[in-house]
Amino acid sequence: MSEELANIALEAGELLRYAMDPRETPFQSKRYSALMSQLSTSSTFKLVFENMAQGLEIQILAYSPHGVFVAGRERGPFAFKMEDYKSGMRVEERVVHGLLMLAIAAYCFPTVEVLDQDDDILRPRFTVEQVAAFVQGLCRVCKANNPGDPEQGTPELQLAWQTILGLPLTMSTGQGKMAIGSLAGKLQYALDRLVENGLMRFLSEDNWGTLQPTPAYRIQVKQMAGHQMLKLIQSIHQEATAAQEGRPNG
Amino acid sequence: MRDRAIIVDPWEKALPARIRTLLLTAPLHRMEGTKGHRMAELLKQDLRMLALRIMDATIERMGLGYGAARDSIIAEVAPLVRKADESLSVDDAKAVVEIVIEGLLNDAERRQAFREPYASVESGGITWREFSFNLLEEFSPDDDVYLRVTVEGIHLYTGMLGFNIEDAQVANEIVLQYQISRGRLSDAVQTAREAEFRSIQYDAQIQGLLNAARRDIHQVDWVKDALSAIGAARDHILQRLRIEKQILDAIEEKYESAEMEEIQQLTALKQQVNRCMVRHMQLHRLLISVNPDYLDEQLQQGFKVSGFNPLPNIDKEIFQPALLFTVGQLKGSTTRILGSFAPPQPPHLLSVELLIEKLTAPMREDKPHILDTETPELDEIETDKGPFGVEDEENVRLLLQETTGPTRLSQVLEFAQQESMPVSTQRLLVLDALRNFGAEDDEAGYPVQLAGEQFKSENFEGDDLTLEVRHE
Numbered sequence: 001m002s003e004e005l006a007n008i009a010l011e012a013g014e015l016l017r018y019a020m021d022p023r024e025t026p027f028q029s030k031r032y033s034a035l036m037s038q039l040s041t042s043s044t045f046k047l048v049f050e051n052m053a054q055g056l057e058i059q060i061l062a063y064s065p066h067g068v069f070v071a072g073r074e075r076g077p078f079a080f081k082m083e084d085y086k087s088g089m090r091v092e093e094r095v096v097h098g099l100l101m102l103a104i105a106a107y108c109f110p111t112v113e114v115l116d117q118d119d120d121i122l123r124p125r126f127t128v129e130q131v132a133a134f135v136q137g138l139c140r141v142c143k144a145n146n147p148g149d150p151e152q153g154t155p156e157l158q159l160a161w162q163t164i165l166g167l168p169l170t171m172s173t174g175q176g177k178m179a180i181g182s183l184a185g186k187l188q189y190a191l192d193r194l195v196e197n198g199l200m201r202f203l204s205e206d207n208w209g210t211l212q213p214t215p216a217y218r219i220q221v222k223q224m225a226g227h228q229m230l231k232l233i234q235s236i237h238q239e240a241t242a243a244q245e246g247r248p249n250g
Numbered sequence: 251m252r253d254r255a256i257i258v259d260p261w262e263k264a265l266p267a268r269i270r271t272l273l274l275t276a277p278l279h280r281m282e283g284t285k286g287h288r289m290a291e292l293l294k295q296d297l298r299m300l301a302l303r304i305m306d307a308t309i310e311r312m313g314l315g316y317g318a319a320r321d322s323i324i325a326e327v328a329p330l331v332r333k334a335d336e337s338l339s340v341d342d343a344k345a346v347v348e349i350v351i352e353g354l355l356n357d358a359e360r361r362q363a364f365r366e367p368y369a370s371v372e373s374g375g376i377t378w379r380e381f382s383f384n385l386l387e388e389f390s391p392d393d394d395v396y397l398r399v400t401v402e403g404i405h406l407y408t409g410m411l412g413f414n415i416e417d418a419q420v421a422n423e424i425v426l427q428y429q430i431s432r433g434r435l436s437d438a439v440q441t442a443r444e445a446e447f448r449s450i451q452y453d454a455q456i457q458g459l460l461n462a463a464r465r466d467i468h469q470v471d472w473v474k475d476a477l478s479a480i481g482a483a484r485d486h487i488l489q490r491l492r493i494e495k496q497i498l499d500a501i502e503e504k505y506e507s508a509e510m511e512e513i514q515q516l517t518a519l520k521q522q523v524n525r526c527m528v529r530h531m532q533l534h535r536l537l538i539s540v541n542p543d544y545l546d547e548q549l550q551q552g553f554k555v556s557g558f559n560p561l562p563n564i565d566k567e568i569f570q571p572a573l574l575f576t577v578g579q580l581k582g583s584t585t586r587i588l589g590s591f592a593p594p595q596p597p598h599l600l601s602v603e604l605l606i607e608k609l610t611a612p613m614r615e616d617k618p619h620i621l622d623t624e625t626p627e628l629d630e631i632e633t634d635k636g637p638f639g640v641e642d643e644e645n646v647r648l649l650l651q652e653t654t655g656p657t658r659l660s661q662v663l664e665f666a667q668q669e670s671m672p673v674s675t676q677r678l679l680v681l682d683a684l685r686n687f688g689a690e691d692d693e694a695g696y697p698v699q700l701a702g703e704q705f706k707s708e709n710f711e712g713d714d715l716t717l718e719v720r721h722e
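Just so you know, the sequences run in chain order B and R. Position one of the first sequence corresponds to residue 1 (the working numbering), numbered consecutively onward. Position one of the second sequence corresponds to residue 251 (the working numbering), numbered consecutively onward.
Mixed in with the good hints there might be a few duds.
Stated by the list, open to error - Computed, partial: chain R to chain B, Cβ under 7 angstroms:
| hint | residue |
| --- | --- |
| 1 | 357 |
| 2 | 358 |
| 3 | 361 |
| 4 | 387 |
| 5 | 390 |
| 6 | 561 |
| 7 | 563 |
| 8 | 565 |
| 9 | 569 |
| 10 | 576 |
| 11 | 577 |
| 12 | 578 |
| 13 | 588 |
| 14 | 591 |
I should point out that these hints are in silico values taken from the structure, not numbers from a laboratory. If you're wondering where the values come from, they're calculated on a predicted model, not measured in any experiment. Glycine included, each C-beta is placed from N, C-alpha and C at the ideal position.
With the hints as constraints, model all of the structure from the sequences given.
Here's what the structure looks like:
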């Protein structure tokens, strides 16, 4: 193997390390920026980088001036595990957190046109209070439109909007912080994870937290909406149809 | 009987452009019309005027950089707010500017485009259409945040909707050359400023076309529209560069016979024309490098179905329907959703050597949190006199007492020089003004604002400040 190729492999590994740390951006790190330019000028470097990612079962979601966006493939060594988000969650809690992630994306990108804008264009600042009101408002509309839906039953049989409406809007811990058992507390938890992953910018504590999405958030949501969401809609519909027909889904 | 095939009704074609010009101002009128419901502090303000001033200040900063920092726009426009209502504090004035910026960004509608319905005369009937546009955008091309005025916003500001930007650029240059040749330099400075706005607008228009093509090649017919537009743009820019060079030569010639006052105007003119030239050169470089990139995009996107946007509406198509499913139906999808926002999770790799080393490492002694340090004994030592004496302090007090209403720092310094006050007095005056500029409202002796202009005197140069000393 030539020394040149060995160097390329070393640098491709370095770039992969940067890509796996979402808080790193090419604007903060000159090295990251240099490796990104190499990506656009050397096809060998790009090929080695992509092969290395593939070998590690890492999916390259997007190349952007804001960095390389990657995700662990399902069942691969880098795959996302629920414990990485929060351990010990019951089913209904897990579903609420998933829905709140969708709610945040829906609040930030209310239309397809807005989602489809340039990655650099920033979405407005928003508060946890606003997103909580948005979610509660939609759940109340569901309740008004479906007065016949029973409100009792095992957690898994409850409709999603019923589970969310069953949460208190706010609740304080002994230390005066927002309890994670409340809707606002769960939203804060979800948004904290997005901040940790460089997808949101925390601005202030006002109104239970004021934040602004970063360009990286738009890139991730576009990826999710473009690929994962279509699968998600299909799987939900399949599950619902299977349930209605009384046959197992699979 | 008239031949229907050759009848042209120009008003039918002209009306949509005219009505869209009118509609661009609708968000500004709405902001002004509803100000009473928002804050009592807004009643003495004309929000339309503030909105246009914000756009003006932003376009100016879009000159060679990315755009304008929000704080710098707020600092520049806040004094105007206080001129309309002197009872407002600096913070209140800044809050008013923030409200207008949010209005221009359409924050109330989560920054969706403004949508204005209008009636259009088509095929002899009336069809209702919608004109959607943005006026201001906040964007982050690197890790910093900037404001920029959109193409429609520049149209609104310059009152140019329905006009061809390229024609306007040519017209501006002819007027500019004429004014320079006649020595009408103050008019020429104004024309050069308009020319600069046109070049920013043209830049935004071309960038918009290229971005649309990059996002979705199907939005633009690459071979028919984009390539011919790029070819025409290159020719247009090369011609601009030639004319701008001629204008610069004419300015250089004028320098030789210029009076003192004219030299300042010529320098301002030269800077404006230079900025246009640099922008045009950058745009030209972009246009000559663009073809291979876009052909790649075209190849990559070539298999997409034309007119089909694969992105769903997350709110209406995903989130709201999901609320109607049961928790049990949704549980299988949750991991996928949460995983979409998480980076790859590196597994912990076990190294037996490292594990043994860590487990067998000697226990560390717990050290107290506070270091045992002795407080040193302090003695007063003799120092030289400070840089300012009692005389300087008295002079500054007198100078500030002399001011009536908002006064420029440069004027006070000029007065101090005329009165032959020492440089140390002038320095103390400048430091005092800077201290009050940076102080919180309750700590400031008197309010100080950026005047929005630079000044240069014998001993000082930089941003001029406006001092408002209130006399008891």
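A quick look at each hint next to the structure:
1. 357: This hint holds: residue 357 of chain R lies near chain B, its Cβ roughly 5 angstroms from the closest one there, short of 7 angstroms.
2. 358: 9 angstroms, violated
3. 361: 5 angstroms, holds
4. 387: Interface hint status for residue 387 of chain R: holds (5 angstroms vs cutoff 7 angstroms).
5. 390: OK, holds: residue 390 of chain R within 7 angstroms of chain B, min 6 angstroms.
6. 561: With a minimum Cβ separation of about 5 angstroms from chain B (threshold 7 angstroms), the hint on residue 561 of chain R holds.
7. 563: This interface hint holds because 5 angstroms falls under the 7 angstroms limit.
8. 565: At about 4 angstroms, which falls below the 7 angstroms cut-off, the nearest Cβ of chain B leaves the hint on residue 565 of chain R intact, so it holds.
9. 569: The hint holds - residue 569 of chain R has a Cβ within 7 angstroms of chain B, the shortest such distance being about 4 angstroms.
10. 576: Residue 576 of chain R check passes; min Cβ-Cβ to chain B is 6 angstroms, inside 7 angstroms.
11. 577: 5 angstroms, holds
12. 578: 4 angstroms, holds
13. 588: This hint holds: residue 588 of chain R lies near chain B, its Cβ roughly 5 angstroms from the closest one there, short of 7 angstroms.
14. 591: 6 angstroms, holds
Hint compliance for this structure: hint 2 is the single one not met.
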